[in-house]
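Undergrad: Fit chain P to the known structure of chain R by using the hints.
So the protein sequences, as listed, match chains R and P. For the first sequence, position 339 (counting from the first letter as 1) is numbered 340 according to the numbering used here, and the numbering increases by one without interruption. For the second sequence, position 102 (counting from the first letter as 1) is numbered 217 according to the numbering used here, and the numbering increases by one without interruption.
Honestly, the hints are just simulated from the structure, not real lab data. Virtual Cβ for every residue (Gly too), placed ideally from N, Cα, C. Keep in mind that a hint or two might mislead.
[To be verified] Listing some non-contacts, in silico: residues in chain P with all C-beta distances to chain R over 12 Å: (1) Thr120; (2) Asn130; (3) His132; (4) Val151; (5) Ala160; (6) Ser199; (7) Arg218; (8) Glu221; (9) Pro275.
[Unchecked claim] Simulated restraints, written as ranges between beta carbons of each label pair: (10) P:Glu351 / R:Arg244: 28 to 34 Å; (11) P:Tyr224 / R:Arg244: 37 to 43 Å; (12) P:Tyr189 / R:Ser174: 27 to 33 Å; (13) R:Glu311 / P:Tyr224: 36 to 42 Å; (14) P:Thr215 / R:Ser355: 53 to 59 Å; (15) R:Ser355 / P:Asp157: 41 to 47 Å; (16) R:Ser174 / P:Arg353: 56 to 62 Å; (17) P:Glu339 / R:Arg307: 31 to 37 Å; (18) P:Ala253 / R:Asn270: 49 to 55 Å; (19) R:Arg235 / P:Tyr224: 24 to 30 Å; (20) R:Asp299 / P:Glu221: 43 to 49 Å; (21) P:Tyr189 / R:Ser405: 43 to 49 Å; (22) R:Thr196 / P:Asp338: 29 to 35 Å; (23) P:Thr215 / R:Asp247: 55 to 61 Å.
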Amino acid sequence: MRVLLAVWAAKLTGALLRALGRQGTHVPGIVARRIHPGIIGAVQHPPRVVAVTGTNGKTTVSNLLAEALLGEGMRVASNRTGSNLAAGIAAALIAAVDWRGRSRADIGVFELDERSGRLVLPGLHPDVLVCTNLTRDSIKRNAHPEYIAWILSSELAPDTTLVLNADDLIASSLGGEQNPRVHFAVERLATDPTTPVGAALDAMTCPDCDALLEWDHWRFNHIGRAHCPSCDFRSPEAAYRAREIDADGEYVVLDLDGDARQARLVNDNIVNVYNQIAVAAVLDVLGVDRDRIVRAFDTLAPPTTRFASERIGDAQLVRLLTKGLVGVACSRAFEYLRSFPGRKAVVMSIDEWSERENEVENTAWIYDADYEYLVDDSIEQIAVGGNRRYDQALRLAIAGVHPSRITTFESETAPADHIDVADADVVFNLHSVHNALTTGDRVQERLRERLAARTGERG
Amino acid sequence: MSGLTIEMLFPEVANLHGDNANIAYLAQCRPDAEVVRTGLNDRPAFLDRQVDLLYLGPLTERGQLKAIDRLQPYRRELEARFDSGGLTLFTHNALEVLGTRIRNPEMGYEAEGLGIFELETTLAMMGRYSGKVMGPVAELPDEQPIVGYKSQFSMVEAAPGVEGFLTAARGIGRNTSTAVEGVRRGGFIGTSLIGPLLVVNPHFTRALLATLDPDTEPALAHDEYAVKAYVERLREFRDDRRWHPGERVQKPIASR
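Chain R with its partners taken away, still in its complex shape:
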């Protein structure tokens, strides 16, 4: 009866929120968990449940999976429009049952915040859990990837089938010996080096003998394929592999447990290639016909990217989310920035103001990020704004950016007024999560105005 009370209360709350035109998709879940703290386990689940977790890519993978399964004609319960914390998953499970508490879905696909495994996994008890990767995240919240792996492994049921990234030695070690598991990977690319570089390097030693691992190929952080020179340890073999990535032709070869097929490339960013092969692996584990797995990628929309680019005259204006507090995410953004051809000018306001206003500040993440990617002759100016501008400037200088290329401004938007756009081929607006809609938008508008004026002056 308590389960039904929780379900009814959550459904009424959801209806009320919708009637009021309010957001807050997790609120029904909060209400349900207040009434029945174990509601995630107590409410009736769809016949099959897939949980998608990991540091990066879990939103993309869960969205693509849900889309593909909908395309299979299944009724899919998911939290893709809501929160990936316990309340969001409770709300999604309840939304998928009727007023009598009976499941109306054929399958559930739930994105799971990796830190929330403790609250969610015992009740959710997924049939399949896919982990995209486990890399460093917020120092304050997530500590280090081994910690997150410990949380997830501690709460996994032994009969959950694991779909894991073979190119991530931490994620690929999830679970216990009893867990059925398959691995996915992206085969070596011509551009992959064999020597790791950067500040955030985990899983560098052999878990069996502590020797420094040797890398067959390395991509970023601890993502790549490694072996121990002193013992038999090596990265697990992947049954599901992406290879022959052709960005121009927009195709990729997906090797599905020895059955190689050409598929449309959903997105050429390496992280999204991992996401695509992860989706293919899960669909195969779920028993979807392989022809249909490949065809599903024909219609799946590219994932939402965290950058936007517009051409203004002969210049390109690029807006790039550079997630302050998470050094690894910043490194990827800086690496991406450097890959653009041409002379570059960068507005960088990536402080998280919420750190100072709402939480306890910790700026150590700046040194977990590889600002060294910004040391490049083509990056001619970096204008830094915000309270921690001198910390940012110091980090840039330590990385090797020449001081003549660095300017600092107290205001987060002032760099947009002062950066020299006259000769830049690409102008970047780097902002963080919480200032995206405030100063990030204003910087974007100002840069757009100035580039438009430049275009006008040149006739």
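TA: Then chain P, alone, in the frame of chain R:
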């Protein structure tokens, strides 16, 4: 003195929270410095040659246990180094390796440390503490306190008489009921502060450089930015509104 030698212990596992920038920055301050990176399976260099600064940085929980295992054979040599004034810096949870015991009930182990200091560490894996710290140190005038951050699972209890690195004027010390932070003994400094310490505290770094090499005028790399960042942070840390109730030292339950 000719070029400095800095030894980083186990950097392949002791590299969390950006703290190895302590050494990267020091090496930029002294471009003539040789940085020796000693792996888990290597013999520490300080045993056989002059090492001016020995450093161990933040570790995972598993890494802590490995560091204890690897340093255990050299406990006496480490202690002798500290007592003879050999400069040594352990940051974040590296200090805990040198204590008597580390308890981690959630991960299911209790490990003996090297026992050089009478420190007992308890980890709460679901109770990570984050906070700021500001406090004066002996090397600097009071108006140039150390500033830094904590983000840790562990709280440390020390026996009476274990000297601290600093006494926090704001923020907590070794645990939530003391303002005494870290440990000092002879040439040893251990602190749980991250930031990294030597990057966000340029005056302290200058003092450390002067101690490392009294014959050379200490020079900070990128000193203009380093000092401005420190001044700005100190200004904010002196503002009461920046401090949350959870960052205050709590009275021990017994004395409330």
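Undergrad: Against chain R, does P:Glu221 keep a CB gap of more than 12 Å to every residue?
TA: violated (9 Å)
Undergrad: Could you see if the CB distance from P:Thr215 to R:Asp247 stays within 55 to 61 Å?
TA: Holds: the Cβ-Cβ distance is about 60 Å, inside 55 to 61 Å.
Undergrad: Is it correct that the beta-carbon of P:Thr120 has no partner in chain R closer than or equal to 12 Å?
TA: holds (21 Å)
Undergrad: Checking a non-interface call: every C-beta of chain R should be farther than 12 Å from the C-beta of P:Ser199. Is that right?
TA: holds (30 Å)
Undergrad: Could you check the hint for me, namely that R:Ser174 and P:Arg353 are 56 to 62 Å apart, CB to CB?
TA: violated (46 Å)
Undergrad: Taking 36 to 42 Å as the hint, is the beta-carbon distance of R:Glu311 and P:Tyr224 inside that range?
TA: violated (55 Å)
Undergrad: Confirm or reject the claim that P:Glu339 and R:Arg307 have a C-beta distance inside 31 to 37 Å.
TA: The hinted range 31 to 37 Å holds for P:Glu339 and R:Arg307, with Cβ atoms some 33 Å apart.
Undergrad: Non-interface claim for P:Asn130: all C-beta distances to chain R beyond 12 Å?
TA: Per Cβ check, P:Asn130 is inside 12 Å of chain R; nearest 6 Å; violated.
Undergrad: Within 29 to 35 Å or not, the Cβ separation of R:Thr196 and P:Asp338?
TA: holds (32 Å)
Undergrad: Can you tell me whether the CB distance of P:Tyr224 to R:Arg244 sits inside 37 to 43 Å?
TA: holds (42 Å)
Undergrad: CB of R:Asp299 to CB of P:Glu221, is that within 43 to 49 Å?
TA: holds (47 Å)
Undergrad: Between R:Ser355 and P:Asp157, does the C-beta distance stay in 41 to 47 Å?
TA: With a Cβ separation near 43 Å, R:Ser355 and P:Asp157 satisfy 41 to 47 Å, so the hint holds.
Violated hints, listed in ascending order, are 2, 3, 8, 10, 13, 14, 16; each of the other numbered hints is respected by the structure.
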